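Protein chains in written order, with the numbering used here: chain A, 60 to 300; chain B, 429 to 507; chain C, 208 to 846.
Where hints are given, some of them may not hold.
As the list claims (entries may be wrong) - Restraint-style ranges between C-beta atoms, simulated for each label pair:
no. : chain 1 : residue 1 : chain 2 : residue 2 : range
1   : B       : Asp-494   : C       : Asn-413   : 47 to 57 Å
2   : C       : Gly-672   : B       : Met-429   : 38 to 48 Å
3   : A       : Asp-233   : C       : Gly-811   : 20 to 30 Å
4   : B       : Lys-484   : C       : Asn-334   : 18 to 28 Å
5   : B       : Gln-460   : A       : Glu-187   : 28 to 38 Å
What the hints assert, rightly or not - Pairs of lysine-lysine, DSS-like flavour, derived with a Cα cap of 25 Å:
no. : chain 1 : residue 1 : chain 2 : residue 2
6   : B       : Lys-484   : A       : Lys-260
7   : C       : Lys-436   : C       : Lys-426
8   : C       : Lys-414   : B       : Lys-481
9   : C       : Lys-436   : C       : Lys-842
10  : C       : Lys-414   : B       : Lys-484
11  : C       : Lys-584   : C       : Lys-625
12  : C       : Lys-344   : C       : Lys-358
Hints in this document: simulated from the structure, not taken from any laboratory. Here the structure is a predicted model, which is why all the values come from computation and not from measurement. From the three backbone atoms N, C-alpha and C, an ideal C-beta is built for every residue, glycine too.
This is what each chain is made of:
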Amino acid sequence: MLSDEEKQRYSRQMLIPGWDQERLKQATVLIVGLGGLGCASTLYLAAAGIGRLRLCDGDTVGRSDLNRQTLYSESSIGLFKVDEAGRRIARLNPSIVVEKFKVFVDSQNAGKLAEGCQVIVDGLDNLESRFVLNKESFRQRIPFVYGAVHGWLGYAGVFYAPQTACLACLMHPDIVSRDRVPVAGITPGLIGLIQASEVIKWILGRDTSLLGRLLIYDGTDLSFEIISVGKNPACPVCARA
Amino acid sequence: MIIFLKAGGELRTKLNPDVDYYTRRVETERGQTLRDILTGIGINPAFVAFAYKDDKVVRLDHVPVDGDVITLQPPVSGG
Amino acid sequence: MANGLAGKTLRIDLARGDIRSFPTDEGLYRHWHGGRGITAKILYDEVPRDADPLGPENILIVNAGIMSGCFIPAGSKVEFGSVSPLTNGPGDSNMGGHLGPALKFAGYDMIIFEDLSRRPVFLFVDNQTVELRDATKYWGMKSLDCEKKLKEDLGEDFEIATIGPAGENGILFSCITHDFGRQAGRTGQGAVMGSKKLKAIAVRGNKSIHVRNLDSLTKQVTEIILRTKKHPNMVPWQKYGTAFFIQWSNTNACIPAYNFQTTFYEDIDRIDGDQLVEKCLITHKACFGCWMNCGKYTKAVIPGKPEVHLEGPEYETGSLCGSNLGMKDINHVAYINWLLDNLGMDSMSGGGVIAFAMECFERGLISEADLEGHSLKWGSVDDVEHFLDMVAHKRGIGEWFAGGSKRAAAKIGRGSEKFAMQVKGQEMSGYDGRWAPGMLLSYMTADIGAHHNRSWTITVDMAEGRDTVEGRAKIVVYLQHIRPLFDTWCICRLFWGELDITPEEIVESLNHITGWGVSVAEVLRTSEMIWNLNRCHYIERNRDNGRSFDYPPARAWEDKIPSGPGTGKGLSLAQIDRMLDEYYAARGWDEKGNPTRELLEDLGLGYAADRLAKAGFLGRSIPGGIPPVRGEKYKPKAF
Chain A
60 MLSDEEKQRY
70 SRQMLIPGWD
80 QERLKQATVL
90 IVGLGGLGCA
100 STLYLAAAGI
110 GRLRLCDGDT
120 VGRSDLNRQT
130 LYSESSIGLF
140 KVDEAGRRIA
150 RLNPSIVVEK
160 FKVFVDSQNA
170 GKLAEGCQVI
180 VDGLDNLESR
190 FVLNKESFRQ
200 RIPFVYGAVH
210 GWLGYAGVFY
220 APQTACLACL
230 MHPDIVSRDR
240 VPVAGITPGL
250 IGLIQASEVI
260 KWILGRDTSL
270 LGRLLIYDGT
280 DLSFEIISVG
290 KNPACPVCAR
300 A
Chain B
429 MIIFLKAGGE
439 LRTKLNPDVD
449 YYTRRVETER
459 GQTLRDILTG
469 IGINPAFVAF
479 AYKDDKVVRL
489 DHVPVDGDVI
499 TLQPPVSGG
Chain C
208 MANGLAGKTL
218 RIDLARGDIR
228 SFPTDEGLYR
238 HWHGGRGITA
248 KILYDEVPRD
258 ADPLGPENIL
268 IVNAGIMSGC
278 FIPAGSKVEF
288 GSVSPLTNGP
298 GDSNMGGHLG
308 PALKFAGYDM
318 IIFEDLSRRP
328 VFLFVDNQTV
338 ELRDATKYWG
348 MKSLDCEKKL
358 KEDLGEDFEI
368 ATIGPAGENG
378 ILFSCITHDF
388 GRQAGRTGQG
398 AVMGSKKLKA
408 IAVRGNKSIH
418 VRNLDSLTKQ
428 VTEIILRTKK
438 HPNMVPWQKY
448 GTAFFIQWSN
458 TNACIPAYNF
468 QTTFYEDIDR
478 IDGDQLVEKC
488 LITHKACFGC
498 WMNCGKYTKA
508 VIPGKPEVHL
518 EGPEYETGSL
528 CGSNLGMKDI
538 NHVAYINWLL
548 DNLGMDSMSG
558 GGVIAFAMEC
568 FERGLISEAD
578 LEGHSLKWGS
588 VDDVEHFLDM
598 VAHKRGIGEW
608 FAGGSKRAAA
618 KIGRGSEKFA
628 MQVKGQEMSG
638 YDGRWAPGML
648 LSYMTADIGA
658 HHNRSWTITV
668 DMAEGRDTVE
678 GRAKIVVYLQ
688 HIRPLFDTWC
698 ICRLFWGELD
708 ITPEEIVESL
718 NHITGWGVSV
728 AEVLRTSEMI
738 WNLNRCHYIE
748 RNRDNGRSFD
758 YPPARAWEDK
768 IPSGPGTGKG
778 LSLAQIDRML
788 DEYYAARGWD
798 EKGNPTRELL
808 EDLGLGYAAD
818 RLAKAGFLGR
828 SIPGGIPPVR
838 GEKYKPKAF
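Build the full structure now, drawing on both the sequences and the hints.
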């Protein structure tokens with residue numbers, strides 16, 4: 060049940076036909092990685108009223124994060140990201156329950172982290188961990204809202220195998236990726252918000268535009284392309300027999 | 429036969445576009461896979477995360493036909 | 208967008224009201240070809256083996272196939288699939304009309320309904336607008352009345368599929384009705400829809416479907432159109448629809464009469480195709496893209512009763528609700544057809560259940576006291592009307608019959624199991640198999656119980672010998688591969704099968720649409736794959752060797768045909784066993800009727816072998832190995 064304050068807080072979005080604020084309040088969303096992507100998606104999911112946010116990141120805030128990781132400030136430097144993010148959310152929306160996990164996701168802890176969540180949101184900064192989350196998404200049948208950035212380029216998609224392709228249908232784990240990735244702050248901001256939008260639509264039971272699709276954003280020419288990702292019949296993760 | 433390759437992000441530099449800002453015209457043998465073609469023009473397939481044609485992902489073992497326009501996208505792993 | 212496909216699949220969680228659209232999985236279609244192939248695969252993967260077919264874990268799939276709506280002849284079908292409450296195995300049923308194409312024109316290849324709604328709803332699809340709407344005011348309405356009302360409320364151009372009170376009340380042989388007379392009749396799909404409180408599906412669409420080689424397809428189809436219009440079979444098909452079989456079936460001693468007690472009906476002249484055309488016909492009716500217009504829109508006029516309009520009766524209803532019930536007036540047969548359609552019951556199982564009940568009444572196993580003071584005599588349309596009302600509302604012993612004749616016989620006992628004319632819980636089609644061994648074998652081994660659509664062999668039996676069983680099995684296997692392909696592609700078998708269009712031509716059309724470049728051998732293999740997956744699923748669900756489910760009722764071997772051209776004919780149990788042995792060997796199954804690992808792996812179904820092994824029913828290896836090709840090619844004579 061929504062309190063009077065909640066009704067007031069969410070009154071503008073509740074004007075949207077088909078909006079079910081109670082469903083958002085009952086939802087639990089896992090966000091893994093609180094860098095540029097995770098900050099953007101977390102902030103807007105908290106603002107929208109997702110009832111429980113499960114935040115996972117083992118990292119602390121560094122000064123080089125501040126061009127894009129907008130939940131933090133100068134005073135956050137050296138502090139754990141999950142703590143700082145939790146504090147910021149509490150100030151924005153005290154009704155949100157925040158679960159904090161000061162860990163880096165791996166194949167040992169992914170199952171427990173994802174258990175009971177409606178959606179897994181990608182805020183990671185490396186491919187290996189993304190494939191771990193992808194596998195867990197398939198195993199537990201939880202949609203995986205993928206996002207990734209590099210410079211002005213960003214990708215976003217929603218994978219929900221076996222009904223759709225999974226990340227491993229799209230990319231092979233052996234592809235080359237870099238450790239220190241160039242990022243214009245706007246890029247993860249934009250992609251993170253697109254991820255948040257897809258999460259909200261999923262929880263509301265509406266069509267998610269990127270289900271089984273990939274958005275390719277290129278900020279250099281402001282191009283947005285959406286392509287469809289077919290299932291790989293030989294996918295090592297989700298191939299139907 | 430002739431195919432056209434486009435590339436996004438940093439791959440564009442490796443591609444050496446010659447038709448426009450994005451696109452390179454490639455003359456190739458029929459029956460070659462995309463992987464073979466990339467190797468043939470000096471692009472390591474490991475630098476291609478995925479490719480797509482007509483808004484649908486194609487794998488690197490896809491065999492293009494004459495006139496195909498295929499876009500290559502680089503790995504993107506930041507967050 | 209893939210060729211032949213609309214591009215989107217809808218998954219609808221009826222409990223939560225979630226409607227999600229996914230890109231259609233093209234790989235799934237390439238491997239399983241759509242329609243019944245995809246329903247088989249999805250049911251196998253997603254429905255737990257102990258799921259209650261009327262419970263939340265069952266799913267209802269509506270699949271429009273890959274050829275439906277592609278402007279080829281009779282590209283009209285849509286396939287419904289779910290775990291059948293009637294047979295407790297993978298069930299599917301297809302329907303003509305216009306719903307399949309409409310769904311594709313709206314942009315959707317498939318709809319999957321999950322869980323159960325808490326309140327009555329109907330699905331509204333108008334191109335990209337998809338909504339679950341309140342169906343409270345339609346709940347309780349009869350099928351034909353409901354379709355009419357929905358068209359009034361939404362628009363004439365909506366294609367509607369509904370259930371009737373039977374589906375709402377969980378009658379296990381309930382059907383789904385569309386276009387005022389087309390049904391997805393078999394396997395109780397209407398009951399599954401009713402369990403989900405899904406009253407109807409309403410679709411309107413105006414997009415187009417892309418095909419790979421439109422010029423080649425158009426050229427081929429034009430030639431087929433011109434050729435088939437001149438085919439000698441076209442005239443009787445257009446005039447009578449399948450009702451012209453009524454006389455033929457009687458003359459050839461395979462029509463069921465008085466609950467399959469005999470195979471010759473003295474009063475056939477009162478209920479045949481000529482009677483239908485002369486006394487009942489209003490107009491001919493066609494499905495999408497078909498000019499065979501085998502549908503007959505008719506009226507039933509009985510003094511003292513309101514005039515009713517319906518589509519039918521076609522052969523199956525005409526026989527199972529005609530000679531099988533001792534009816535002596537085509538209007539009575541049509542009226543019973545209308546009752547069943549409007550209540551939303553499969554007229555084939557309906558006819559079988561009524562006939563079984565009539566024989567029970569004749570033998571004194573049920574009485575007027577059980578029937579609320581009514582009788583249930585052969586030939587009485589009033590008795591049938593009252594009985595059906597009891598069944599549809601599960602009143603008194605109506606509840607016994609609501610589960611089909613097998614379950615009713617289990618309740619009644621006293622030897623009634625012998626003449627509950629069903630296999631695996633589904634009632635027989637309108638052909639008696641005692642003098643048509645291949646037909647009997649077809650009933651015994653069909654994956655959905657005693658249904659002829661998988662394999663129909665009357666002319667095969669006539670050509671190869673009605674008194675012998677040897678050699679019939681391989682032909683049945685072949686037919687069980689080729690006939691269900693039409694349900695996989697969602698095109699009408701009647702048009703393509705009865706007008707001498709070859710399998711090569713049909714596959715050519717498929718290739719023009721999809722660009723797959725497949726051969727006839729390959730599509731037969733796909734069909735075999737589907738068949739075996741369903742077999743594995745059935746065995747796992749029912750937890751016994753396949754053979755234990757493959758026997759007909761004892762009438763099939765204990766009662767010789769007592770009258771007509773087939774007098775004295777019938778098979779022995781030894782012959783039935785021999786047919787089964789031959790069938791299993793032809794299939795690459797062991798003597799217990801269980802698929803073997805060698806066969807399943809040959810078909811790429813190694814995972815199904817693993818599951819079957821875990822369940823304890825994997826077939827033993829066959830000495831000498833499995834046959835390299837299963838099924839012997841045979842073209843039954845068309846009419």
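Here's how the hints hold up against the structure:
Against the hinted window of 47 to 57 Å, the Cβ-Cβ separation of Asp-494(B) and Asn-413(C) comes to about 35 Å, which falls outside the hint. Gly-672(C) and Met-429(B) have their C-beta atoms about 59 Å apart, which leaves the hinted 38 to 48 Å range violated. With their beta carbons about 27 Å apart, Asp-233(A) and Gly-811(C) fall inside the hinted range of 20 to 30 Å. Between Lys-484(B) and Asn-334(C) the beta carbons are some 22 Å apart, a value that agrees with the proposed interval 18 to 28 Å.
A hinted range of 28 to 38 Å for the beta carbons of Gln-460(B) and Glu-187(A) is consistent with their spacing of about 31 Å. For the given pair, Lys-484(B) sits about 24 Å from Lys-260(A) by alpha-carbon distance, which is consistent with the 25 Å threshold. For the hint pairing Lys-436(C) with Lys-426(C), the CA-to-CA distance comes to about 16 Å; that is within 25 Å, so the pair holds. At roughly 23 Å between alpha-carbon atoms, Lys-414(C) and Lys-481(B) fall within 25 Å of each other, so this suggested pair holds.
Annotation: proposed proximity of Lys-436(C) to Lys-842(C) holds, straight-line Cα distance about 21 Å (limit 25 Å). A hinted pair counts as satisfied when its Cα atoms are at most 25 Å apart, and Lys-414(C) with Lys-484(B) qualifies at roughly 20 Å. Taking the CA atoms of Lys-584(C) and Lys-625(C), the gap is near 20 Å; set against the 25 Å cutoff, the hint holds. Pair hint Lys-344(C) plus Lys-358(C) holds up; C-alpha atoms about 14 Å apart against a cutoff of 25 Å.
Hint compliance for this structure: hints 1, 2 are broken, all remaining hints hold.
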